[in-house]
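Enquirer: Each chain, letter by letter, is given below.
Protein chains: 2
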Amino acid sequence: MQFLTEKDIDYIAIGAAILGSGGGGDPYIGKLMAKQAIKEHGPVKFIKAGDVPDDALIIPSAMMGAPAVMIEKLPNGSEPAASFQSLEAYLGKKAYATISIEAGGINSCIPIYTAACLGIPLVDCDGMGRAFPELPMTTFSVSGVSSTPMVLCDEKGNKILLETIDNAWSETLARTATVAMGLSSMIAIYCLTGKQLKDYAVKGTISQARAIGEKIVESNKSKTNPIQSILDITNGYQLFEGKIIDVQRDLTTGFVRGNVTIEGTDVDKGSTFSLDFQNENLLGMKDGKPAAITPDLITLLDREKGFPITTENIKYGQRVIVLGMPCDPFWRTEAGLKQVGPRYFKYDVDYVPIEELARESGK
Amino acid sequence: MQFLTEKDIDYIAIGAAILGSGGGGDPYIGKLMAKQAIKEHGPVKFIKAGDVPDDALIIPSAMMGAPAVMIEKLPNGSEPAASFQSLEAYLGKKAYATISIEAGGINSCIPIYTAACLGIPLVDCDGMGRAFPELPMTTFSVSGVSSTPMVLCDEKGNKILLETIDNAWSETLARTATVAMGLSSMIAIYCLTGKQLKDYAVKGTISQARAIGEKIVESNKSKTNPIQSILDITNGYQLFEGKIIDVQRDLTTGFVRGNVTIEGTDVDKGSTFSLDFQNENLLGMKDGKPAAITPDLITLLDREKGFPITTENIKYGQRVIVLGMPCDPFWRTEAGLKQVGPRYFKYDVDYVPIEELARESGK
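Which chain is which? The protein sequence lines are B and R, in order. The numbering of the first sequence is numbering that gives the first Met the number 0, which starts it at 0 and goes up by one. The numbering of the second sequence is numbering that gives the first Met the number 0, which starts it at 0 and goes up by one.
It is possible that part of the hints are untrue.
Note that identical chains are pooled: a pair holds if it fits in a single copy or bridges any two copies.
What the hints assert, rightly or not - Below 25 Å or equal to it, Euclidean Cα-Cα: the simulated SDA-like pairs (lysine to any residue) are: (1) Lys93 with Pro148; (2) Lys197 with Arg302; (3) Lys337 with Gly49; (4) Lys155 with Arg174; (5) Lys72 with Asp165; (6) Lys155 with Thr171.
Honestly, the hints are just simulated from the structure, not real lab data. In this text the structure is predicted, and so the values were computed from the model without any measurement.
Using the sequences and the accompanying hints, generate a full structural model.
Expert: Structure representation (structure tokens):
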């Protein structure tokens with residue numbers, strides 16, 4: 000039996016923000032919450048998907064909404080457990096454990112917070128292997144699991160329980176509710192059996208995030224460059240190096256939609272990189288040609304220290320490295336691409352795996 | 000013990016649309032639903048508020064949203080019972096009876112439909128004594144009763160349960176959900192004890208609606224004018240007679256907001272009447288001076304037959320009579336006017352009871 004301690008939270012928050020492909024929220028708030036809960040309630044049991052009984056109830060715990068808002072509209076701390084326990088009460092059954100719905104900054108930490116508060120284990124897996132902007136974009140949904148019953152709670156004390164006819168309706172109704180609640184909410188969603196968890200979850204993402212985060216922290220202590228270690232752990236590619244010269248953002252739909260333009264420096268001097276995001280980074284173009292395409296992961300790192308920069312923290316003038324990493328093979332299936340491929344997000348490009356794009360560009 | 004039969008539905012639908020002050024929806028759809036349910040399940044028990052035990056559970060049943068939409072987006076018929084029974088299941092208690100949340104066209108009929116489908120009585124009362132556009136505009140809310148837990152269902156099969164911190168949040172969250180559901184939903188809301196019902200409801204509105212409707216139908220049979228009978232039953236005033244020369248409407252917020260201009264004919268030749276509405280008629284001005292002010296009732300009648308014209312059915316060229324009727328005394332208190340008076344709706348006028356306005360204008 001492993002346990003997650005306060006130190007692990009630092010690592011996981013950093014690593015998950017890298018896997019989060021720019022999304023999943025700034026880990027800062029989630030990290031503080033999870034560390035405080037561990038301080039108060041003790042370390043969190045950290046188990047493998049294989050350890051979960053087939054008939055156990057698993058309830059993922061997450062934050063929904065525009066991550067940028069969470070920086071100013073802080074949770075009151077009771078919402079994650081409130082939504083989780085409301086769903087338990089509705090189902091008339093206690094949950095065996097919780098998981099991350101996505102590997103992303105705040106949403107790697109919220110389930111640890113919930114697990115600590117409720118004294119239940121966290122399972123080492125998630126429903127995306129990265130972060131994505133919409134509720135149906137989980138391996139669970141594409142495998143036929145209903146997102147509802149789900150519960151949303153806000154920091155004021157309002158609570159909403161949804162039962163929908165499909166996960167697209169969950170996205171519509173939960174999104175409008177989240178916008179009305181002030182652009183963020185805490186949710187309990189995608190109730191799973193242990194069997195479904197074992198069959199459909201992306202396994203090992205939380206320990207992978209921890210390994211990445213640990214490398215970055217250690218490299219900073221030893222003044223070495225962490226980039227190569229991250230590429231090794233994730234089978235990734237350094238796509239670009241440069242300086243941010245423009246950022247466009249729009250929050251009105253409950254997402255952070257936007258684009259960032261990076262002017263090449265060093266090895267990429269003379270080139271330009273354009274990155275489109277909708278909470279998460281979705282399409283990276285180097286000099287007008289695709290360099291990485293959703294569902295593959297695209298993450299901006301601070302060039303000096305290797306820390307991830309989530310989409311709401313992108314600023315003019317930042318020196319960055321763009322990483323590209325292959326997604327879980329599940330997303331490269333026809334059903335996967337239909338839900339999270341470039342055409343879903345209205346980009347007029349076909350998906351090409353990052354390995355092929357890298358080979359073509361001679362990386 | 001009284002029963003409501005198919006014939007009563009015709010009368011109630013007409014009368015409630017007159018009490019509805021232009022709102023509460025075109026009774027047509029609700030009438031068809033209620034009559035069909037009575038045909039299928041038999042007459043509905045019709046009881047007095049005084050007959051309800053103090054500790055009984057009463058759940059009002061209603062339609063929420065823009066009435067104009069209901070004409071095209073028909074209910075599938077299962078939503079009223081679905082929302083009602085979901086709320087019973089959530090509370091773990093069966094309801095003793097249902098009531099109308101408002102006296103208005105469709106919302107006088109929906110509870111009869113629900114009562115018929117579920118085999119429970121309808122109580123002769125409502126929560127407004129007229130119709131109003133927003134959830135907190137009930138005598139229950141102003142008396143401190145929570146609108147939640149409440150359930151919303153749409154015709155597609157989506158279901159939402161709300162628990163809010165106050166009734167203003169219920170309005171915000173239920174309204175955005177209703178808009179997302181396609182601008183209309185069926186709701187179960189304002190769970191009451193029998194004691195609360197007896198203390199706070201406006202009593203006798205359904206039988207008053209029936210009496211008004213019966214007068215209009217009978218007058219049409221005997222080719223006599225029903226206006227005076229309506230004025231007698233409601234203590235009302237004929238405010239204006241004329242022809243509609245302009246209608247403005249906007250549906251985007253989930254309400255029907257608008258204004259109608261009426262050019263005087265007959266006794267009002269040379270005068271102009273302007274009527275503002277937000278689902279319901281709220282402010283009537285004759286030649287620039289207030290003639291009736293919310294919460295007093297303002298209703299347009301077809302000049303020939305005396306049938307009510309709800310706001311979504313107002314059309315250019317209609318020959319109409321404008322009726323004004325005093326509201327329930329509850330709304331004339333400071334707390335009542337704060338919730339439904341003219342200043343709440345952003346009109347820069349003070350409330351003056353219709354009796355005084357009539358006296359001033361010499362009616």
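Enquirer: Hint by hint, say whether it matches the structure.
Expert: Here is what the structure says about each hint:
1. Lys93 with Pro148: Both: 15 Å inside a chain and 22 Å across chains, each within 25 Å.
2. Lys197 with Arg302: neither (37 Å within a copy, 70 Å between copies)
3. Lys337 with Gly49: Neither. Shortest intra-copy (29 Å) and inter-copy (60 Å) distances fail the 25 Å Cα cut-off.
4. Lys155 with Arg174: Answer is both; intra-copy 17 Å and inter-copy 18 Å each pass.
5. Lys72 with Asp165: Answer is between; shortest inter-copy Cα gap is 20 Å, intra-copy 30 Å.
6. Lys155 with Thr171: Classified as both: same-chain Cα gap 22 Å, cross-chain 13 Å, threshold 25 Å.
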